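Student: Take a look at the letters that make up each chain.
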Amino acid sequence: MEEALEKRLPKTEDLGAMTEESLKAAFAGESQAAEKYLVWADQAEDEGYPNVAKLFRAISFAETRHARNHLRVMGGIGATADNLLAAFGGESFEVDEMYPAYHSIAKKQGNNQAVRSINYALKSEVDHKGMYTDAREQVLDGKDVADQQVHVCLVCGHTVIGDAPDKCPYCAAGKELYKTF
Amino acid sequence: MTESYKNTPPAPEDKGAMTAENIAAALAGESQASQKYLAFADVADAEGYPNVARLFRAVAYAESTHARNHLSVLGGIGTTAENLKAAWGGETFEIDEMYPAYDAVAELQGNESARVSIRYALKAETDHQDIYDTTLKGIEGEKDLDDARVYVCPICGHTVIGKAPAYCTQCGTTAEFFKEF
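Protein sequences, first through last, are from chains Z and S. Numbered by numbering that gives the first Met the number 0, the letters in the first sequence go through residues 0 to 180 in order. Numbered by numbering that gives the first Met the number 0, the letters in the second sequence go through residues 0 to 180 in order.
Just so you know, these hints were derived from the structure itself, not from any lab. Some hints here could point you the wrong way.
Here are the computed lysine-lysine pairs in the PhoX-like style, where the Cα-Cα straight-line distance is at most 25 Å [as the list claims (entries may be wrong)]:
1. Z:K6 to S:K14
2. Z:K6 to S:K84
3. S:K14 to Z:K122
4. Z:K10 to S:K14
5. Z:K107 to S:K14
Derived Cβ-Cβ restraints for the label pairs, each shown as a range [claimed, not checked]:
6. S:D44 to Z:D95: 29 to 35 Å
7. Z:S103 to S:P164: 21 to 27 Å
8. Z:K178 to S:T173: 31 to 37 Å
9. S:G74 to Z:G47: 20 to 26 Å
10. Z:D140 to S:K178: 30 to 36 Å
11. S:K162 to Z:E1: 23 to 29 Å
12. Z:A145 to S:A10: 36 to 42 Å
13. S:A100 to Z:E12: 20 to 26 Å
14. S:G109 to Z:E5: 16 to 22 Å
15. Z:K10 to S:A103: 34 to 40 Å
16. Z:G47 to S:K162: 25 to 31 Å
17. S:D145 to Z:D140: 49 to 55 Å
18. S:K14 to Z:A78: 40 to 46 Å
From chain S, some residues computed to sit far from chain Z (all C-beta separations above 12 Å) [said to hold, decoys possible]:
19. P164
20. A165
21. A174
Owing to the predicted nature of the structure, the values given are computational and were not obtained by experimental measurement. All residues carry an ideal CB built from backbone N, CA and C; glycine is no exception.
Work out the full structure, taking the sequences as your base and the hints as a guide.
Tutor: Right, dumping it as structure tokens:
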């Protein structure tokens, strides 16, 4: 699959600034469409439309392919060590700047649900930042991380390597609400 | 945080235009992070780091939960009929405005790779627009879609209901690579 893509969609060295801007916006659009369709698939299932749910999931996958193609052309897919550094950078920005700024505004405007959504994300991004730092150290030594399950709370995104806790420390969801990877 | 808030995603709350703007930006950020991590997971697998790949997939899922929470705060999770209308609207904007404009810029700047990535997406969005239109008509009569399989080309996102074509009509990929839903 990667070879087929390399042939058809080679990375571009000199994108053109306006083309780069277009691809960035298209990547943002496709990524959001993919996420929305997954959520709407769950909603369709709840309403008793399993085939509409399936359709939303399929189209979400299609948007994932578009997002990846755009990312690829922009040169956003590197070697794993580079990808871990980029991932760490993104998490750090969210932890250090983005979510604290959004939190203070939401609090000032009294939007409690927004505060809650921001807190859930901010707390898990701190976990992710640490995990990416550790993983990068291993990969720079040519080593994989340890073969352990990873558990993710499906309510708030709390991420833990190894066993799921009995209760999510961030949102109090029970163990059964963790997804195993 | 009151007890009743726990274990459930945040609810819609329309309070503060700046907060809405920030939550929309956070939805964009989380969606993009999720897509990047899924792409990075495949690279890690290809480089022989299956456990780093698992970490990326788990964290991608965590970011999806954040995206869903933000979408919920924004009131972006409606009934299936509303969701299909919103999905149709998004596809229509991409087809009528966004991708043609981006293609014009990429053509002007002579970026062939970007043009391929844009063309793949644009063509598949036309499939999606059609499918959402038909599906919405069914749902308005409270009828689920027929129980047929959906096939998606992993290279260009071409989406077909029923049976995968021998060759992808958009990019030539053969039937066995199509992902089945």
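Student: Would you mind marking each hint as holding or not holding in the structure?
Tutor: Hint check results:
no.	hint	result
1	Z:K6 to S:K14	violated (49 Å)
2	Z:K6 to S:K84	violated (37 Å)
3	S:K14 to Z:K122	holds (23 Å)
4	Z:K10 to S:K14	violated (43 Å)
5	Z:K107 to S:K14	holds (10 Å)
6	S:D44 to Z:D95: 29 to 35 Å	holds (30 Å)
7	Z:S103 to S:P164: 21 to 27 Å	violated (53 Å)
8	Z:K178 to S:T173: 31 to 37 Å	holds (33 Å)
9	S:G74 to Z:G47: 20 to 26 Å	holds (23 Å)
10	Z:D140 to S:K178: 30 to 36 Å	holds (35 Å)
11	S:K162 to Z:E1: 23 to 29 Å	holds (26 Å)
12	Z:A145 to S:A10: 36 to 42 Å	holds (38 Å)
13	S:A100 to Z:E12: 20 to 26 Å	holds (24 Å)
14	S:G109 to Z:E5: 16 to 22 Å	holds (20 Å)
15	Z:K10 to S:A103: 34 to 40 Å	violated (22 Å)
16	Z:G47 to S:K162: 25 to 31 Å	holds (26 Å)
17	S:D145 to Z:D140: 49 to 55 Å	holds (53 Å)
18	S:K14 to Z:A78: 40 to 46 Å	holds (44 Å)
19	P164	holds (15 Å)
20	A165	holds (17 Å)
21	A174	holds (14 Å)
Violated hints for the displayed structure, listed by number in ascending order: 1, 2, 4, 7 and 15.
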